[in-house]
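Asker: Sequence:
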Amino acid sequence: MERRNDGDGGSGGKIKIGVCVMEKKVSCSPMEQILERLRAFGEFEIIIFGDKVILQDPIESWPLCDCLIAFYSSGYPLKKAEKYAALRRPFLVNELVPQYLLHDRSKVYQQLKLYGVPVPTYAVVRREYPNQELNYFVEDDDFIEIHGKRFCKPFVEKPIDGDDHNIMIYYPSSAGGGMKELFRKVGNRSSEFYPDVRKVRRYGSYIYEEFMPTGGTDVKVYTVGPGYAHAEARKSPVVDGAVMRNSDGKEVRYPVLLTPSEKQIARSVCQAFRQGVKQLKLFLPSYSVCMMW
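Just so we're aligned, residue 562 is where the sequence shown starts under the numbering used here, counting upward by one.
By construction, these hints were calculated from the structure, which means they are not laboratory data.
It is possible that some hints are incorrect.
Across the chosen pairs, the derived CB separations fall in these ranges [what the hints assert, rightly or not]:
| # | residue 1 | residue 2 | range |
| --- | --- | --- | --- |
| 1 | Arg835 | Val699 | 24 to 32 Å |
| 2 | Asn696 | Gly786 | 43 to 51 Å |
| 3 | Thr820 | Ser590 | 20 to 28 Å |
| 4 | Leu616 | Ser734 | 33 to 41 Å |
All residues carry an ideal CB built from backbone N, CA and C; glycine is no exception.
Produce the entire structure from the sequences given, and follow the hints as far as they go.
Answerer: Okay, here's the thing in structure tokens:
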């Protein structure tokens with residue numbers, strides 16, 4: 562690997578790997594496992610930047626490194642990380658410019674399709690202001706139509722904003738109707754059911770897509786480069802919203818063996834977004850993919 566930073570960050574000794582991500586991401590189990598394995602080689606020095614450096618310090622004072630692991634999460638200054646990379650020119654494990662695509666779920670789906678990754682049948686509704694009337698959008702009791710494409714309940718509603726994790730599932734009258742809201746875990750809850758909610762949200766822009774039954778299981782895939790993928794299954798929040806935890810308080814997950822087709826999908830996603838370290842959800846058996854960071 563060519564050492565491209567300015568200064569003495571790469572002069573002799575171990576290869577310096579800078580971890581320029583929010584501290585909550587550094588402390589998560591998958592990242593800890595990656596860094597532990599890198600240290601075990603004995604050839605790398607791991608430099609954790611930390612939130613104070615990332616958020617407050619000027620990029621000129623950021624640590625020097627030969628190789629940079631940097632990826633977006635809530636509150637992360639992506640443009641600032643770009644400027645640091647341009648200044649010091651480390652090798653980028655996760656390229657920075659493609660990460661802007663991840664802020665818009667419609668752009669994510671477009672990119673996945675370009676790389677031949679199957680996605681659910683979907684349509685996009687964009688509103689400039691709350692309750693805007695759209696001539697291409699029609700809602701009935703048990704279906705919606707977007708540009709003439711009909712989605713019968715159950716269907717899924719996802720915000721275009723990739724940072725908004727409040728996802729809704731709307732159920733048909735034949736199943737009693739209602740809506741289930743999926744959200745990031747709060748205590749031991751990851752979803753709630755609202756039996757009286759029948760209409761979709763009208764105050765933002767959303768992707769609507771067909772509901773994919775998965776038998777009550779989500780599969781999360783972690784990749785390190787295009788050649789390695791590790792998969793874990795967990796109980797889907799769609800089941801009852803209760804998070805299954807072990808005696809240590811961590812969510813229960815089980816290792817999963819991926820099929821050759823699923824491995825190829827993980828590889829294609831890695832290449833599509835040029836992200837060496839990432840995680841994604843792979844909804845089986847339809848192979849529909851949703852990027853998760």
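Asker: Confirm or reject each hint.
Answerer: These are the hints, each one checked on the structure:
1. Between Arg835 and Val699 the Cβ separation comes to about 39 Å, which falls outside the hinted range of 24 to 32 Å.
2. Under the hint 43 to 51 Å, the C-beta atoms of Asn696 and Gly786, about 46 Å apart, fit the expected range.
3. A C-beta distance of roughly 25 Å is found between Thr820 and Ser590, which places it inside the suggested range of 20 to 28 Å.
4. Hint check: Leu616 to Ser734, Cβ distance near 49 Å, so the stated range 33 to 41 Å is violated.
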